[in-house]
Amino acid sequence: MNKFKYIISREYSVRVRKRTFWILTFLLPVLYAGLIGFSVYMSVNPGYEKQQVTVIDYSGLYDHYFQDSEDMKFSYAEKGTEQQILELMKQQKDFHLLVIPEFEIDDPSEFKLSSCKNSANFVEGRLESELSSLIKDQRINALGLEKEVINQLAPDIQINHEMIGPAGSERDNTDQSMVVSSVAGFLIYMFVFIYGSLVMRGIHEEKQNRIVEIIVSSVKPFELMMGKIIGVALVGLTQFFLWVLFILAITFVGMKLPDMGVQNAQQGMDSFLSGMSALNIPFILSMFLVYFIGGYLLYSSLLGAIAAAVDNQSDMQQFMLPITIPLIIAIVAMQAVIRAPHSPVAIWLSMIPFTSPIIMIARVPFDVPLYQLVVSMALLIVTFVFTVWIAGRIYRVGILLHGTKISYKDLWKWMFYN
Amino acid sequence: MNVLDIKDVSKSFGNHLVLNDISLQIPKNKIFGLLGPNGAGKTTLIRIINQIITLDKGQILFNGKPIKREFVEKMGYLPEERGLYPKMKVGEHMLYLAALKGMTGAKARETIKKYLKEFDLYDWWYKKVEQLSKGMQQKLQFIISIMHDPDFVILDEPFTGFDPLNVELVKSRIKELKEQGTTFMLSTHRMDSVEELCDYVTLINKANKVLDGNKNEIRQTYSKNIFEIIYDGAESRDIPGRNQFWNSFENKGLDEQGRTTIRFMLDQHVRVNEVMPLWLQYGDIYSVNEIIPSMNDIFISLVNTQADEQV
Chain A
1 MNKFKYIISR
11 EYSVRVRKRT
21 FWILTFLLPV
31 LYAGLIGFSV
41 YMSVNPGYEK
51 QQVTVIDYSG
61 LYDHYFQDSE
71 DMKFSYAEKG
81 TEQQILELMK
91 QQKDFHLLVI
101 PEFEIDDPSE
111 FKLSSCKNSA
121 NFVEGRLESE
131 LSSLIKDQRI
141 NALGLEKEVI
151 NQLAPDIQIN
161 HEMIGPAGSE
171 RDNTDQSMVV
181 SSVAGFLIYM
191 FVFIYGSLVM
201 RGIHEEKQNR
211 IVEIIVSSVK
221 PFELMMGKII
231 GVALVGLTQF
241 FLWVLFILAI
251 TFVGMKLPDM
261 GVQNAQQGMD
271 SFLSGMSALN
281 IPFILSMFLV
291 YFIGGYLLYS
301 SLLGAIAAAV
311 DNQSDMQQFM
321 LPITIPLIIA
331 IVAMQAVIRA
341 PHSPVAIWLS
351 MIPFTSPIIM
361 IARVPFDVPL
371 YQLVVSMALL
381 IVTFVFTVWI
391 AGRIYRVGIL
401 LHGTKISYKD
411 LWKWMFYN
Chain B
1001 MNVLDIKDVS
1011 KSFGNHLVLN
1021 DISLQIPKNK
1031 IFGLLGPNGA
1041 GKTTLIRIIN
1051 QIITLDKGQI
1061 LFNGKPIKRE
1071 FVEKMGYLPE
1081 ERGLYPKMKV
1091 GEHMLYLAAL
1101 KGMTGAKARE
1111 TIKKYLKEFD
1121 LYDWWYKKVE
1131 QLSKGMQQKL
1141 QFIISIMHDP
1151 DFVILDEPFT
1161 GFDPLNVELV
1171 KSRIKELKEQ
1181 GTTFMLSTHR
1191 MDSVEELCDY
1201 VTLINKANKV
1211 LDGNKNEIRQ
1221 TYSKNIFEII
1231 YDGAESRDIP
1241 GRNQFWNSFE
1251 NKGLDEQGRT
1261 TIRFMLDQHV
1271 RVNEVMPLWL
1281 QYGDIYSVNE
1291 IIPSMNDIFI
1301 SLVNTQADEQ
1311 V
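Protein chains in written order, with our numbering: chain A, 1 to 418; chain B, 1001 to 1311.
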């Protein structure tokens, strides 16, 4: 046990001291901050010039009707000047010509918009909706109705969506749950892949550079394998906690930023966060840890066994594929599971230990019945104990074997015979 | 007192029998040569002793007690297939491996320092292992096998990759440690090292032990009553009564100093003293030596005999 400690500590410290660990640890929150900052920036600064729209109005109805806005500026031209304007437009950009024909109010058609190439493409939609509302008003007038009366006819419905749980009525936080589940599911997928491959690479290197026989003359092969698996898991957890810390800090700083004309974003964020508070975050976090550790142990032990058994990289890919397929199925199925977290497929996939780490964590924010959680965790634990055991069997034999091409038959023999 | 008593140890991998009822005694404070052609089962036996793999049948006693996992701390091992973590720093690497052998703290640091100085590697303490030359890495690996002051050290091809100077350095260290009470098992194909270092040898071939015992006694046993005589004087082919004594006779001729060298194999019952007077008639005897077969000769002849028997 004492020696086990040294192995874990070596595996942990060599990785945590690597520059790449810190680069990745700092880079991800910075990228996250950049992403948030960028999306806020984009919502404030659309990134295009003010669009110049020249209107030629044959109907005579809209003289100086259009109002300049933040991103559009209107001017008006004489009838019959289309050709000259179009000729001028060839050298321009962000320039549009709207020609309003004479039209019947019952049959408004033949509106024409010409735009310079490389102009912003929202103009068409904006003009369509402005013209529609204008013509609608005119029709209301023609029918001799009051505009206010019509407006009163259009009801503004807001459904108060309430969730009934065992504790009675609860606030609806489906949006928040969906975000949390996809983030959590994706993180587990990523972690299992990243750290599983770290274990695999570590074991492969030990086998390739022949240090392993020196080590296993001091500790049991199983201790070496488990030391590596646990050491790498601690690296993963360290990285995760640092990320959580950084991201919390960045979010906090972001929320305290002075008014930058991002009030809308801020309000949206506030209401989103207040919805988050209805989620049981500590519970979700602890489930995240359980499923991360379970999924990681299951997959890293299998990947480690492969690394111990084979000699070269290309063989490794061949054996890896069947192992990673369930992970990929899980991440693909996750989107459907988030939309219908209590469907039979979701329930089954959250029970099968090879997909449960991703699928169950995606379901957890949607209040999974306790018995399902217990069954899923129990199955996961039993399975990883089993995979760690067979990995130990394969590892013990494979790690000292060189220059032999391994088949599935060999692996089977190592697992169940001496 | 034996450090190691190996009793009827057998091991198979699948249907392939690798060790067949091997029994060996490794006496304390000796160097024991484990010989055998490639694929004979030596590495398997070594791994069984090191508790890396289990035996199918038999028993191993270490210092008189059934061998247990904990005893590996009292053993040192330099495997044939050996490597180090290339990215680790030398000092840190050594401390890690020392800790795995149960040696930690200031004692570990002091011992490692002492050995690194002795092997001229101390300046490399903070350098990465991959920056060391192959020979330096070999020296580190040798230090690793002895630094925790083990009772028993297994060296599998310890001299490969060393220049002649370092071979001598390692050999002298092995001899010193033996003087201080360490027992060694040396597995090598370099028969000159076996001749020089080993007190006892065993030869394993095709899973079976074919030879075992004190090296000098074995050589005596395999000696065939062959002698080489050098005398001052001209050669003579016509030695009276020669057919009476020997069944082979090889005249190597006259050398530059006017001496004749003759090698002959005597009949089993004839002692060399009986034939001495024959030469005195021809000149002064300069030297008479019994030609004892080298371990190399014995190795080759035994392995070949076995191969012939199978054909």
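For the record, the hints were derived by calculation from the structure and aren't laboratory data.
Among the clues, some could well be false.
Below are the DSSO-like pairs computed for lysine-lysine, each with C-alpha atoms no more than 27 angstroms apart in a straight line [claimed, not checked]:
1) B:K1128 - B:K1030
2) B:K1209 - A:K18
3) B:K1068 - A:K5
4) B:K1030 - A:K3
5) B:K1206 - A:K3
6) B:K1074 - B:K1114
7) A:K117 - A:K136
8) A:K5 - B:K1175
9) A:K413 - B:K1134
10) A:K5 - A:K136
11) B:K1252 - B:K1074
12) B:K1128 - A:K3
13) B:K1057 - A:K413
14) B:K1007 - B:K1089
15) B:K1089 - B:K1134
16) B:K1057 - A:K18
17) A:K50 - A:K5
18) B:K1057 - B:K1178
19) A:K220 - B:K1171
20) B:K1175 - A:K220
21) B:K1007 - A:K3
22) B:K1215 - A:K220
23) B:K1057 - B:K1028
24) B:K1065 - B:K1087
25) B:K1134 - B:K1028
26) A:K5 - B:K1087
27) B:K1057 - A:K409
28) B:K1128 - B:K1087
29) B:K1128 - B:K1178
30) B:K1065 - A:K3
31) B:K1028 - B:K1089
32) B:K1068 - B:K1087
33) B:K1089 - A:K3
34) A:K5 - B:K1074
35) A:K3 - A:K136
Here chain A is said to cover these stretches of chain B; the calculated rule only asks that three of the stretch's residues, wherever they fall, bring their Cβ under 8 angstroms from a Cβ of chain A [said to hold, decoys possible]:
36) 1082-1090
37) 1196-1206
These numbers were taken from a predicted model, which means no experiment stands behind them.
Virtual Cβ for every residue (Gly too), placed ideally from N, Cα, C.
Results of checking the hints against the structure:
For a cut-off of 27 angstroms, the pair hint linking K1128 of chain B to K1030 of chain B is broken: about 36 angstroms separates their Cα positions. For a cut-off of 27 angstroms, the pair hint linking K1209 of chain B to K18 of chain A is broken: about 50 angstroms separates their Cα positions. This hinted pair checks out: K1068 of chain B and K5 of chain A have alpha carbons roughly 21 angstroms apart, not beyond 27 angstroms. For a cut-off of 27 angstroms, the pair hint linking K1030 of chain B to K3 of chain A is broken: about 30 angstroms separates their Cα positions.
Using a Cα cut-off of 27 angstroms, the hinted pair K1206 of chain B and K3 of chain A is violated, with the two alpha carbons roughly 37 angstroms apart. Between K1074 of chain B and K1114 of chain B the CA atoms are separated by roughly 20 angstroms; this keeps the pair inside 27 angstroms, and the hint holds. For the suggested pair K117 of chain A and K136 of chain A, the alpha carbons sit about 31 angstroms apart, so the restraint of at most 27 angstroms is broken. The hinted pair formed by K5 of chain A and K1175 of chain B fails the criterion: a straight-line CA distance of about 35 angstroms is larger than 27 angstroms.
For the suggested pair K413 of chain A and K1134 of chain B, the alpha carbons sit about 37 angstroms apart, so the restraint of at most 27 angstroms is broken. Between K5 of chain A and K136 of chain A the alpha-carbon distance is near 77 angstroms, which puts this suggested pair outside the 27 angstroms criterion. Proposed proximity of K1252 of chain B and K1074 of chain B is contradicted: the alpha carbons are some 53 angstroms apart, above 27 angstroms. Between K1128 of chain B and K3 of chain A the alpha-carbon distance is near 23 angstroms, which keeps this suggested pair within the 27 angstroms criterion.
Distance hint between K1057 of chain B and K413 of chain A is fulfilled; the C-alpha atoms sit about 20 angstroms from each other, no more than 27 angstroms. Proposed proximity of K1007 of chain B and K1089 of chain B is contradicted: the alpha carbons are some 42 angstroms apart, above 27 angstroms. Under the criterion of a C-alpha separation no larger than 27 angstroms, the hint pairing K1089 of chain B with K1134 of chain B is consistent with the structure, at around 15 angstroms. A C-alpha spacing of about 46 angstroms is found between K1057 of chain B and K18 of chain A, which places the hinted pair above 27 angstroms, so the restraint is violated.
Pair hint K50 of chain A plus K5 of chain A does not hold up; C-alpha atoms about 65 angstroms apart against a cutoff of 27 angstroms. The suggested pairing of K1057 of chain B with K1178 of chain B is violated, with an alpha-carbon distance near 31 angstroms, which exceeds 27 angstroms. With a C-alpha separation of about 30 angstroms, the suggested pairing of K220 of chain A with K1171 of chain B is violated against the 27 angstroms cut-off. Distance check on the hinted pair: K1175 of chain B and K220 of chain A sit about 31 angstroms apart at the alpha-carbon level, beyond 27 angstroms; violated.
About 30 angstroms separates the Cα atoms of K1007 of chain B and K3 of chain A, which puts this hinted pair outside 27 angstroms; it is violated. Proximity of K1215 of chain B to K220 of chain A is assessed by CA-CA distance (about 35 angstroms); at most 27 angstroms being required, the pair is judged violated. For the hint pairing K1057 of chain B with K1028 of chain B, the CA-to-CA distance comes to about 24 angstroms; that is within 27 angstroms, so the pair holds. At roughly 39 angstroms between alpha-carbon atoms, K1065 of chain B and K1087 of chain B are farther apart than 27 angstroms, so this suggested pair is violated.
The hinted pair formed by K1134 of chain B and K1028 of chain B fails the criterion: a straight-line CA distance of about 32 angstroms is larger than 27 angstroms. Under the criterion of a C-alpha separation no larger than 27 angstroms, the hint pairing K5 of chain A with K1087 of chain B is consistent with the structure, at around 20 angstroms. Of the pairs offered as hints, the one joining K1057 of chain B and K409 of chain A holds, with about 26 angstroms between alpha carbons and a cut-off of 27 angstroms not exceeded. Distance hint between K1128 of chain B and K1087 of chain B is fulfilled; the C-alpha atoms sit about 6 angstroms from each other, no more than 27 angstroms.
Proposed proximity of K1128 of chain B and K1178 of chain B is contradicted: the alpha carbons are some 32 angstroms apart, above 27 angstroms. Of the pairs offered as hints, the one joining K1065 of chain B and K3 of chain A holds, with about 23 angstroms between alpha carbons and a cut-off of 27 angstroms not exceeded. Our distance criterion of 27 angstroms between C-alpha atoms is broken by K1028 of chain B and K1089 of chain B, whose separation comes to about 36 angstroms. At most 27 angstroms may separate the alpha-carbon atoms for a hinted pair to count; K1068 of chain B and K1087 of chain B exceed this at roughly 33 angstroms.
For the proposed pair K1089 of chain B and K3 of chain A, the alpha carbon gap of about 20 angstroms is at most 27 angstroms, so the pair holds. Restraint check for K5 of chain A and K1074 of chain B: the C-alpha separation of about 20 angstroms stays at or below 27 angstroms, so the hint holds. Restraint check: the Cα-Cα separation between K3 of chain A and K136 of chain A comes to about 82 angstroms, which exceeds 27 angstroms; the hinted pair is violated. Counting residues of the stretch 1082-1090 of chain B whose CB falls under 8 angstroms from any CB of chain A gives 7; the rule of at least 3 is met.
Closer than 8 angstroms: that is the beta-carbon criterion, and the stretch 1196-1206 of chain B has 0 residues meeting it against chain A, so the requirement of 3 is violated.
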